[in-house]
Amino acid sequence: MANLAINHVTKSFGSLAVLNDINIAIEDGEFLVLVGPSGCGKSTLLSIIAGLDEHTSGSITIDGDPVDGLEPKERDIAMVFQSYALYPAMSVEQNIGFSLEMSKMPKAQRLERVSKVADLLQITHLLKRKPGQLSGGQRQRVAMGRALVREPKIFLFDEPLSNLDAKLRVEMRTEIKKLHQRLGATIVYVTHDQIEAMTMATRIAVMKDGILQQFGTPEDIYDRPKNVFVATFMGSPAMNLLPATVVGETLSLKGADAVLPVPASVVAPLTEGREVLLGLRPEWLSLASAGSPSGPSLPLLVEVIEPTGPDVFAALRAGEREIMARLPTGTPVAPGQKASFAIDLSKAILFDAASGVAL
Amino acid sequence: MTAMLESSSAAAANRPGSIRWSKQFGRVFVYGCLALLALVFLAPLLSMLLTSLKSMDEIRAGNLLSLPSTPTFAAWANVWGASCIGVTCGGLKGYFGNSFLIVVPATFISVALGAFNGYVFAQWRFRGDNLIFGLILFGCFIPFQIVLIPMAGLLGKLGLAGTIPGLILVHVVYGICFTTMFFRNYFITVPAEIFKAARVDGAGFWAIFFRILLPISWPIVMVSIIWQFTGVWNDFLFGVSFAAGTNQPVTVALNNLVNTSTGTKAYNEDMAAAMIAALPTILIYVAAGRYFLRGLMAGAVKG
Ligand SMILES: Nc1ncnc2c1ncn2[C@@H]1O[C@H](COP(=O)(O)OP(=O)(O)OP(=O)(O)O)[C@@H](O)[C@H]1O
Ligand SMILES: [Mg+2]
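In the order they appear, the protein sequences are chains A and B. Residue 34 is where the first sequence starts when you use our numbering, and the numbers rise one by one after that. Residue -18 is where the second sequence starts when you use our numbering, and the numbers rise one by one after that.
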């Protein structure tokens, strides 16, 4: 178990800059999730931590010791690859036990460890098979097993659950979380799945085009995004962004002919006439009922409703603007209806319209 | 031909009653063509075999493809153990043995080195790797004749002139270009993440090669073995240039046997000798030809 620090790491392939001055530090036992759009450099960063790729500049320390230039096996890490990367000629059992074999662990002990991991991953019945005879999800579990069988300082996971069906994915998510709690393992985990990111992480790093956009706890990322990209990337449906102009103590929403007070959370002084974006998460909207305390509200037209089970997503319209709301199931709204929606501005965020940076 | 079959059955589909007939006609036509072509290609071999089993009298009297009236292996026995080649009269068997002494080590060494080179070129980066691979590829295109003189000089300097080890060296050097290319092109299709996973698992250079790569490379090993075996076995130019006297391979001996027999030409013996000289490569194809095809395919299709 170990802490990990990534200091000013830069990586280019020839003239193509893939990672740009990445700084991330996590403590022993933390669960870091890397998220970002496809091609933003997540796998590359993972490879660099593993020692499979060399960074162009900067340094990486594990447990305080620089590991730059060390071979992967000298770093004591285990990794699950995006494409499974199973050894085609070996059985599942040999695949999982290969690292132990390489570290010269006696056979009996090795088999015991392998069978424990196979149990955990529910692949005991597959141990004698070759990877070619497995389904995608089974292969992924074998790939997981290959990492779990070791007890490394750091686990690196590159989208390990992306090919599992929904049920197995939830199960494995819980398993990984349990494993994390039981072993206190330090984990770096790449995913496209926001729920995975929010539920498993103790820290999230959001990347875009090789640049770290924000690094913080899941709450930081969700409630206090530093810019428009982070705000809209995390959360589904995405945060609503309403263009507005500062008029005194209020915001005049453009194209909607409506006015809202400036959120109390905004401390930066706002100059008159400044162009901003008002960020509202869909769950901060609710149907204003007669009895509720009178906060700010907007008259909105219900266009589409999408029941999802626990919630109803409602596409609302104010003039030219479309606003998504997440309402509890059973909220009496119907398409075509005009209603007044209360807006919880306590968490609302203002972004500079030009730079996208949170104010 | 499949295209033709498809179009004929597609046309037939418009007239439901004739589908069956048309399909059958197509099939008969295809198999007829295949049989005819096979016959054309096999006729010389058949004629060789038949001639080698006949007596000289019968050869003079009969036609090329008639069956022997009293099949005899006398000609085979004679060329194998007794015919005079040059000044010695021990038949082909010694030279046949020479060819094996050359082809087995030459094939083994060149395939082993090719596998190793291919592995390095496919998965490890080092300074000038592409340049060196380019030079090795270039080696595939150097005509034999160009290297004869310098090679003779080199073998002389090494003290290997006229010997079997000398010939093995020549064949290994020439073979490496091809086997390296085969293996490199095969290994390049193995996903890089497999190598990365192995490195993370603590496998070193050799463990990756022997434990992970070699077990999945038998198709290309087969291709290389067949390629090298037939190439080295059928070689005449290097054999005649670099091997002296009793060290010569069977191809050279065959040539000497056929060209130096005095008096009347013993066609049955010539044919028997040619059959003997060709037999190992034929057997290799029969035994491993399907691996050859499969191997070429496996190299072409990713996965
Ligand atoms: N060997 C390479 N040579 C050149 N460019 C590369 C190489 N490997 C990756 N890249 C580029 O680096 C960028 C980051 O790739 P990376 O695989 O890290 O993305 P990612 O964030 O993992 O994406 P995904 O979510 O699709 O897996 C991409 O633009 C990719 O094209
Ligand atoms: Mg990736």
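FYI, nobody ran anything at the bench for these hints, they're computed from the structure. Heads up, the beta-carbon is just placed ideally off N, CA and C, and yes, glycines get one too. One thing to keep in mind: the hints can contain errors.
Claimed, not checked - One-sided and incomplete, this derived list gives chain B residues near chain A with beta-carbon spacing under 10 Å:
#1 Ala184
#2 Phe190
#3 Ile193
#4 Leu195
#5 Ile197
#6 Gly212
#7 Val221
As the list claims (entries may be wrong) - Pairs of lysine to aspartate or glutamate residues, derived as EDC-like cross-links and limited to a Cα-Cα distance of at most 16 Å, are as follows:
#8 A/Lys186 / A/Glu63
#9 A/Lys186 / A/Glu60
#10 A/Lys380 / A/Glu336
#11 B/Lys246 / B/Glu39
#12 A/Lys161 / A/Glu184
#13 B/Lys177 / B/Glu39
#14 B/Lys177 / A/Asp109
#15 B/Lys177 / A/Glu104
#16 B/Lys177 / A/Asp86
#17 A/Lys210 / A/Asp226
#18 A/Lys287 / A/Asp226
#19 B/Lys177 / A/Glu60
#20 B/Lys177 / A/Glu87
#21 A/Lys371 / A/Asp385
#22 A/Lys380 / A/Asp256
How the hints compare with the structure:
{"no.": "1", "hint": "Ala184", "result": "holds, 5 Å"}
{"no.": "2", "hint": "Phe190", "result": "violated, 12 Å"}
{"no.": "3", "hint": "Ile193", "result": "holds, 5 Å"}
{"no.": "4", "hint": "Leu195", "result": "holds, 8 Å"}
{"no.": "5", "hint": "Ile197", "result": "holds, 5 Å"}
{"no.": "6", "hint": "Gly212", "result": "violated, 28 Å"}
{"no.": "7", "hint": "Val221", "result": "violated, 43 Å"}
{"no.": "8", "hint": "A/Lys186 / A/Glu63", "result": "holds, 12 Å"}
{"no.": "9", "hint": "A/Lys186 / A/Glu60", "result": "holds, 12 Å"}
{"no.": "10", "hint": "A/Lys380 / A/Glu336", "result": "violated, 25 Å"}
{"no.": "11", "hint": "B/Lys246 / B/Glu39", "result": "holds, 14 Å"}
{"no.": "12", "hint": "A/Lys161 / A/Glu184", "result": "violated, 23 Å"}
{"no.": "13", "hint": "B/Lys177 / B/Glu39", "result": "violated, 69 Å"}
{"no.": "14", "hint": "B/Lys177 / A/Asp109", "result": "holds, 14 Å"}
{"no.": "15", "hint": "B/Lys177 / A/Glu104", "result": "holds, 11 Å"}
{"no.": "16", "hint": "B/Lys177 / A/Asp86", "result": "holds, 10 Å"}
{"no.": "17", "hint": "A/Lys210 / A/Asp226", "result": "holds, 15 Å"}
{"no.": "18", "hint": "A/Lys287 / A/Asp226", "result": "violated, 33 Å"}
{"no.": "19", "hint": "B/Lys177 / A/Glu60", "result": "violated, 26 Å"}
{"no.": "20", "hint": "B/Lys177 / A/Glu87", "result": "holds, 13 Å"}
{"no.": "21", "hint": "A/Lys371 / A/Asp385", "result": "violated, 31 Å"}
{"no.": "22", "hint": "A/Lys380 / A/Asp256", "result": "holds, 7 Å"}
This entry does not satisfy hints 2, 6, 7, 10, 12, 13, 18, 19, 21, going by the numbered hints stated previously.
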